[in-house]
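Please arrange chain B on chain A, whose structure you already have, making use of the hints.
2 protein chains.
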Amino acid sequence: MNPDEFRRAGHAVIDWIADYWATLEHRPVTPADPPGTVASALPATPPTAGEPVGAVLADLDAIVVPGLTHWQHPSFFGYFPANTSGPSLLGDLVSSGLGVQGMLWTTSPACTELETVMMDWLAELLDLPPRFRSTGSGGGVIQDSASSATLVATLAALHRASGGRWRAAGIDRRYRAYTSVHGHSSIEKAARIAGLGSDGVRPIEADPETQALRPAALRAAIEADLAAGEIPAIVVATIGTTSTTAVDPLPEIGAICAEYGIWLHVDAAYAGAAAVCPELRWSHAGLEYADSYCFDPHKWLLTGFDCDAFWVADRGELIEALTVLPEFLRNAASESGAVIDYRDWQVPLGRRFRALKLWFVLRWYGAEGLRAHVRSGVALAARFADRLRADDRFELAAAHPFSLVCFRLRADDDTNAELLARVNGTGRVHLTHTRVAGRYTLRLAVGSPQTAERHVDEAWDLLAAAAGDLLTP
Amino acid sequence: MNPDEFRRAGHAVIDWIADYWATLEHRPVTPADPPGTVASALPATPPTAGEPVGAVLADLDAIVVPGLTHWQHPSFFGYFPANTSGPSLLGDLVSSGLGVQGMLWTTSPACTELETVMMDWLAELLDLPPRFRSTGSGGGVIQDSASSATLVATLAALHRASGGRWRAAGIDRRYRAYTSVHGHSSIEKAARIAGLGSDGVRPIEADPETQALRPAALRAAIEADLAAGEIPAIVVATIGTTSTTAVDPLPEIGAICAEYGIWLHVDAAYAGAAAVCPELRWSHAGLEYADSYCFDPHKWLLTGFDCDAFWVADRGELIEALTVLPEFLRNAASESGAVIDYRDWQVPLGRRFRALKLWFVLRWYGAEGLRAHVRSGVALAARFADRLRADDRFELAAAHPFSLVCFRLRADDDTNAELLARVNGTGRVHLTHTRVAGRYTLRLAVGSPQTAERHVDEAWDLLAAAAGDLLTP
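Going down the list, the protein sequences come from chains A and B.
If you read the first sequence in numbering that gives the first Met the number 0, its first letter stands for residue 0, the second for the next number, and so on.
If you read the second sequence in numbering that gives the first Met the number 0, its first letter stands for residue 0, the second for the next number, and so on.
Same shape as in the complex, but just chain A (with noise of 0.2 Å):
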């Protein structure tokens, strides 16, 4: 394809994204077909000869848009959102075209060195404390998800608790994990990969008024290990939990992590960019006992995924770590020091220039856009958890300091899940849902940027519909 035929078929393609968000609203959020019917309508086998750019298009909406579930929908609650926007689609674009690979930093500096001034300007943003900056001791790298993101954390902190011996000889099974009986999926996945076991991760209880973790469960936990000749090497806390995003008591875990020498890394993935707005920081309070960070520009701050956005207070120990050095990927720069090489910062060794769609977000929204942003979400939950609370049929399951709502009808567990069944059947709104000290509950989750007063309104219309109905005798 010559750079005049990528012109009008990128011209072409512009137009097609720009008439999808403007039709969005009024598709079906969620498609209603069976398993096998996208693969059934596609050839088996690839094309011997070429075709042109119009006929996959016309497949694009014939086959596979008819069996999206549109994330970007404005009446898409499900999960938490992952949101996009216009910059960041054209940054993303940009380094699709530029097409350059930045594992070392003379592979493409400008790939590296934009990255870590935006993670310098994500941590102005979010008021991260000075050591998570590249002018302190640590420094930021984007990683896919905060899935690995807690991976890389995980490894890094079996590397210091081995002290330094882990690289070489491989995971002494006596090492420990902690988190909250709340703690996302990805924790346990990650003590895993690392050689840990799901057995080597402490469940640990939770306030059942909050959902936050009890620091004197923590404490009980490490000090029972250590009676038993274990090794607690890190603690994963986290700020917005999946299910209800509770807020650990970060002040507290920090103070038994800085005790006892383990390695605290905080999972914000969603929460985190909550943190832009001064009046939700509470939130990150005692974010200075914290070994490592993460939060997801991709799901609550305008970025496609992938973008997660991960920190170190010490990078030299991050780099330590994971750094391994063939003579192929030699070259003066690295040899000098004076370089950031984020190859050494994450799993993989290849890395695409995503700091570009981090920058072009900042800078279309600027700060005042992007707390425009979250307090808007932040307003829609509240407005949503107020009809609610007016209607004595239903009950909210925990608190929303954020944008997510979580309630149940006061009714048993098979009642609610036909709820959630026949609002989604409808196909104008997408709800998913988690348990609540054991009770099954529904979520709401705000984010996308197209979500408006009326969306959630008539979410809440469905709602109470469905609820009238069900509870007709």
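To be clear, the hints were calculated from the coordinates, so they are not data collected in a lab.
Quantities reported herein were computed from a predicted structural model and do not represent experimental measurements.
Don't take each hint at face value.
Which bits of chain B does chain A cover? Going by a derived footprint, with three or more residues having C-beta under 8 Å, they are [to be verified]:
no.: 1; segment: 2 to 9
no.: 2; segment: 180 to 193
no.: 3; segment: 256 to 266
no.: 4; segment: 335 to 348
no.: 5; segment: 422 to 428
Taking beta-carbon pairs under 7 Å as the criterion, some of the chain A residues facing chain B (in silico) [as the list claims (entries may be wrong)]:
no.: 6; residue: A48
no.: 7; residue: V55
no.: 8; residue: G98
no.: 9; residue: K188
Over the 12 Å line for every Cβ pair with chain B, so calculated as not near, a few chain A residues [to be verified]:
no.: 10; residue: G9
no.: 11; residue: R213
no.: 12; residue: D224
no.: 13; residue: I255
no.: 14; residue: A284
no.: 15; residue: E367
no.: 16; residue: R374
no.: 17; residue: L387
no.: 18; residue: R392
no.: 19; residue: L408
no.: 20; residue: A463
Each residue gets a CB set at the ideal place from its N, CA and C atoms; glycine is no exception.
Just chain B now, kept in the frame of chain A:
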């Protein structure tokens, strides 16, 4: 940014990229500025108010582009190629625009089903063994990189070697991984991440002529470990090693793995693309022994980073090793067993819709177009090698079965390092180096779809001229 703002800015960015490609040949391949040049040209903090896209594009030209190593430049001959193409950009742009997250089948069915079909298409194109296809016991998945594929293969191998105990109980430090001394650094990194430690990797001797792993040495290492009570868990064989594109003898290695019940992972990150051409499939002989296999469409198959194609022969083993199921991800489709949830095939939870770029590439080029691209690279490398052979001052350091040529001046290491520095210093070409049998060796890797005979000829002319200067007393 509303859809109309996006449409206007999107056209501008498409034009920017088309212009970049059209002028790429006339730019220096690499930047010359010292570390910190880009960072110091950027503000230390993000803007408070938003800025227009035009301001960002102006800084892209003024600050970022001068700091890039241009990987898509027709005279970029470094490392392995990380080539991309117009259709790849368009497919990835659609992915950004849709912004769906395919962690589960249910979170966007078309995202999963198109990926399964694309992996089957690739399996057909490369003529992979039937058991790697989704219609057999196995199946394919897109990973970010071959590093992650090796890690995932290692984890599945450990799970198998432990009889299923690894998942809960963690790693047994007696497990061992085997690869040639020319195996990629990601194999050591994967072993380290998995908790084996770098000591858990046995580097196996290679044939000094072919740089291919010596099966007898592999067998001896396995026997020695077994005798010492160690447990051989995985062998990683390479089709197209990073230094010289050596091909490990899979038929013999596979037979040994079968005899001892060891997982065989085949890393064809770069050279796998060659198998689209029937005349190059000799390199894949013996692949029927493999438990897993990967290659990178983002290296030599015109698909932008990141896109590693990874297959397993038994998907059940992989899923069992990696699955974690929290309540918030439970859904009827997963529980039916009728769908694929790709989150269980990889390290992260979240997933971008990367199959779209493969779909656009495979349809735009067709099988014949992809073969023509690979054949062009092989022919250009052969053309360059012919120039070398005709000049007594130079020698080939290895065979060149694909599109990489390894060579040196008949002179000492310092002279060869100086030769590389001089030709790269012109800014007209970019080559990198390795060591073969301990000796400093230059590498010229062809891969960009824009590279033509004149670019390879210019590289030769620059090398020949620099050699003349260096060898003149």
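task: Please write out, lowest number first, the hints stated earlier that are contradicted by the structure.
output: Those not satisfied are hints 3, 5, 10 and 15.
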